[in-house]
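Undergrad: Here are the chains, one letter per residue:
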Amino acid sequence: MSGYPLLSLAIWIPIMAGLLILAVGRDSNPGLSRILSLIGALAGLLITIPLYTNFDASSTVMQFVELAPWIPRFNINYHLGVDGISMPFIILNSFITVIVVLAGWQVIKFKVAQYNAAFLIMSGLFNGIFCALDGILFYVFFEASLIPMYLIIGIWGGHNRVYAAIKFFLYTLFGSLLFLVAQLYLFIYSGGSFSILDWHQMPIPMGPQIAIFMAFLIAFAVKVPMWPVHTWLPDAHPEAPTGGSIILAAIALKLGAYGFLRFSLPILPDASHELSWLMITLSLIAVVYIGFVALVQADMKRLVAYSSIAHMGFVTLGFFLFTPLAVEGAIVQMISHGFVAGAMFFCIGVIYDRLHSHLISDCGGIVYRMPIYAAFMMLFAMANAGLPATSGFVGEFMVLMGAIEVNFWVAVIAATTMIVGAAYTLWMYKRVIFGPITNHHVEELTDVNKRELAILLILAFFVMAMGLYPEPVTHIMHTSVNDLLRHVAISKLQ
Amino acid sequence: MDMKSLYLTVPLAPLVGAALAGFTCRVAPRWFSAGVTILGVAISLVASLLVLQDVLAGHTFYGNLYTWATSGNYTFSVGFQIDTLTAMMMCVVTSVSLLVHIYTIGYMSDDDGFRRFFSYISLFTFSMLMLVMSNNFLQLFFGWEAVGLVSYLLIGFYMNRDTAIFANLKAFLVNRVGDFGFILGIGLVLAYFGTLDYKTVFDAAPSLADKTINLVGSAEWSLMTVTCICLFIGAMGKSAQVPLHVWLPDSMEGPTPISALIHAATMVTAGIFMVARCSPLFNLSPTALSFVLIIGATTALFMGFLGMIQNDIKRIVAYSTLSQLGYMTVALGVAAYPIAIFHLMTHAFFKALLFLGAGSVIIGMHHDQDIRNMGGLWKYMPITWITTLIGSLSLIAFPFFSGFYSKDSIIEAVHFSNIPGSGYALFAVTASVFVTTYYTFRSYFIVFHGPERWNDAAHVAAAHAHDDHAHDAQDAHGHDDHGHEEHHHGLQPGDKPHESPWVVTFPLIMLAIPSVIIGYFAIDPMLYGSFFDGVIAVNKGMPVMANMEEEFHGPLAMAIHSIQTVPFWLMMAGIVVTYYFYMVKPSIPDALAKKFSGIYKLMDNKYYFDAFNMAVFAGGARKLGAFLNRFGEATIIDGFFVNGSAKLVGVVAGIVRHFQTGYLYQYAFTMIIGVFALLTLWFFTT
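Read top to bottom, the protein sequences are chains A and B.
Residue numbers are given in the numbering used here: position 492 of the first sequence equals residue 492, and the series is strictly consecutive.
Every number in the numbering used here is 1000 more than the matching position in the second sequence, counting from 1.
The set of hints was computed from the structure by calculation and includes no laboratory data.
Which chain B residues face chain A? A few, computed with CB under 10 angstroms, are given here:
| no. | residue |
| --- | --- |
| 1 | TYR1152 |
| 2 | ASN1168 |
| 3 | ILE1637 |
Which chain A residues stay away from chain B? Per the calculated CB distances, all over 12 angstroms, these:
| no. | residue |
| --- | --- |
| 4 | TYR4 |
| 5 | GLY31 |
| 6 | SER195 |
| 7 | ARG451 |
| 8 | PHE461 |
| 9 | GLN494 |
Source: prediction; values computed, not measured.
For every residue, glycine included, the Cβ atom is placed at its ideal position computed from N, Cα and C.
Okay, chain A solo, but in the shape it has when bound (with noise of 0.2 angstroms):
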């Protein structure tokens, strides 16, 4: 299978196929263009697998490596790779789009065609995040794939739409403009490249490389979301469809805690070192905070999306405390992250689609109504929680392990996750699920159909087989962490 541009293809299938919808999909027709997206998602998640089957986990060079010239004057080029950390991202990338597709099945009845593009356009673009090792072409991918996520928010979002989607962008775009300039002056700097595997190895100086980490962090810490920027994502998660609201969990935040270990950790090893105090700081509010905020929250999807930057404080807490457990159970985290999140909020879609409501004041015993479906948010909603043989505990338990090692107070607050988590997720399936049935629309309910069945079918699968049987997961990455720790624990000052 080397032989053929796999990462290419994983990048521009979904885009084709996007951009083919585009052309050919008719508001008449709305059915063509749901089985043509189908197929493109379905084409970019099978071409994704022969990147797990074919990948070399001992090997610590990128691969599946594509290098073309783009830009000669400046030195940019169109160079792909992938290694153990960047990888599983991709498939999770190409995997979630074929749950949105299936999500918005019957669901979306307003230009079908352009909403299921903008996903696989937005798939495209995100894979060519997690694989490209060139700058320019990094940011490129990168800023692009805001602009369908903003359509998809300001088009098929809900009432406020138009609200959140601009808050989105223009978060999102002011971390990214910093971002550009450090990344000038790295390209400066080393003599006129723009590849980041180059930058790796390079020395800096410890007063750029403070100031090229807090301009990386301004822009990663947006995407993540990182307490305090994060405020977007609460009032992005309501108003956009259940889709945007499954790709935002499982994916978009994902590029911001990429960057870090792509960018600052390797490019900046110093730096990351002597402002670790400050990430492991910020991580901690985000668990703890972030938390009681959580607790609070009257709207289902606000309060999914405070346990999202819960969880992804879990996240950069365990990149900055260097070891390769709390590493590899960051990474662990992002991506069982993906799987839970996203079922959270296709579940909470799930009862939009029927009540046109996500208040929690608005549900109330639907499992006399929903048995099936109450079973299945049961699961997730203790994946959530961190229980034990589901996703969600493995990267908690090893970046919690992996913090008692660095320094037993860090791990004291992070684990108080393990209280807190419990409360806002179960208390939430309580007022939800439980007590006696509230207003007549919950004791019309129906439960879930086939379709419904089948995408809570795939993603319980995955939740369970990851928390029963993480070694698949963890293995692939050993090798690049293990190189990724190696590169920061080497000063580059000279």
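Got chain A sorted already, so can you dock chain B onto it with the hints?
TA: Just chain B, lined up with the frame of chain A:
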């Protein structure tokens, strides 16, 4: 069949049963759900007995099934450790579970959730077996949380009852507080031992006995003390020790069979089991043992007090369970781990018996749980009466009964101990003998003897039902709501209590047998024989067990000797006092309650633990959340920072809004492509 397959059969048979019953719970006939789960647990019991036999023949096992995950230098596995402790726990769990499964056929016969219930209790059995069979801390934690999950599902089994879904959330969160400590303890083990496998950790423990760590400032803390206390906090949650005991009385919201199986016989003893399993660690920290001892003694005495004033038949047994768990914890605290496990075993049988007996009474009373409405039931429910009497005698440690051997051994062990706190513990466990007898026989006399109060109660209840049919869901006890609209609770006028069907009485009889005899036969091998050699570590600094062995001259002599001891006479006094209070002069208890109204109020409010938790933790968390949401999120971040740049946002938004005309989105897509195209064009032309 080789032994490894046999070991696998033990947990997997109930899992398969649970899966089959669970996935078909909406379509299968009832006999299928009951049959398939009972078959699964029966297979598991037979396999467990074979394993016990094999272990007694000297064959132990320690090995991994598969590698769960690897990271850095760590390997996490799933595997089994089969030794006498494990084999004994497996037999206790599967035998009680099997009897509870059979009992459920009768108890849940008219419940809509019949099939779901069977699936849950088999899933519980699987989880509990994985917990006790584990050979490492990670899998222990898996089982630990899985039993907590099933407990959560079962406490909230009647999902439309506010009290039930309040109780299950409370149980889960209080247990999570314990788990918070537990996982930190596990983390310390991993950080300092480099593995979570029992064998490696326990072998390496002595070399780290003097290791200290820096936690606050420059103070040096013993690693073992911190680790053991963290682990024990987990046990405090699961085994309901003060102050994390608050969930257990409320867990009585669940159906009675699970109160017997989960909240008396097995799950709540997981903490006791865990500490006994970790005896090589706890032995290295006298400080941690003192902590364990004091918590256990407090639980044993003060939770017993609360049992004295309860009127709900299940809550009396629940407080009794708290008190008995306190006894086990006391035994752990004086490093007499085998005695703790011994009491765990006898308690599993007689407490399951008492709970199932209470359930049988509840069936006979048509789901009335208030003992004030009962009386004289011995005439109508003879099997329930006799078996409950046997369970009660075992619980109060009447000589020759199982409970006598285990509980008297605990008191004696405390007597021989001299670690800090043992004086207090000795007082607590001795005084508890009277308390135990008081609440047990108070309930026994009121329920089975005396006047037939249900005659009056039925008329009152019937009148009440006409006045106010609305379900009293807010009632803190929630005992008169079974989740069925059509269900009239309590006996109707003219009705008489009746004996329960054989599926209910058969388990009672089967549990009565070990409640009488197992102590007599097991005390010698388990406490003074070689049963736990090499499994539970001997504490060299505290020769409690050795001292006791010198005093022990066989179970017969022990029972006869007990007549000269204080606990025996305290127990006899308890029987006499309750007989006088509740059979001869029933006005006395009320008069006492009035006289000591301050103490009564304190006890009636359960020492205000619940009120405190609701106000400070639950209420405080919500207030803090609301404050952060309003002030931190809305005012500071969004209000000041985001809207502080409102002008900028306004300007840019004004521009961006132009793109919101509905069909311009296609231009946006074109834009991305355009960026690429232009840059590429530029590349070709230069």
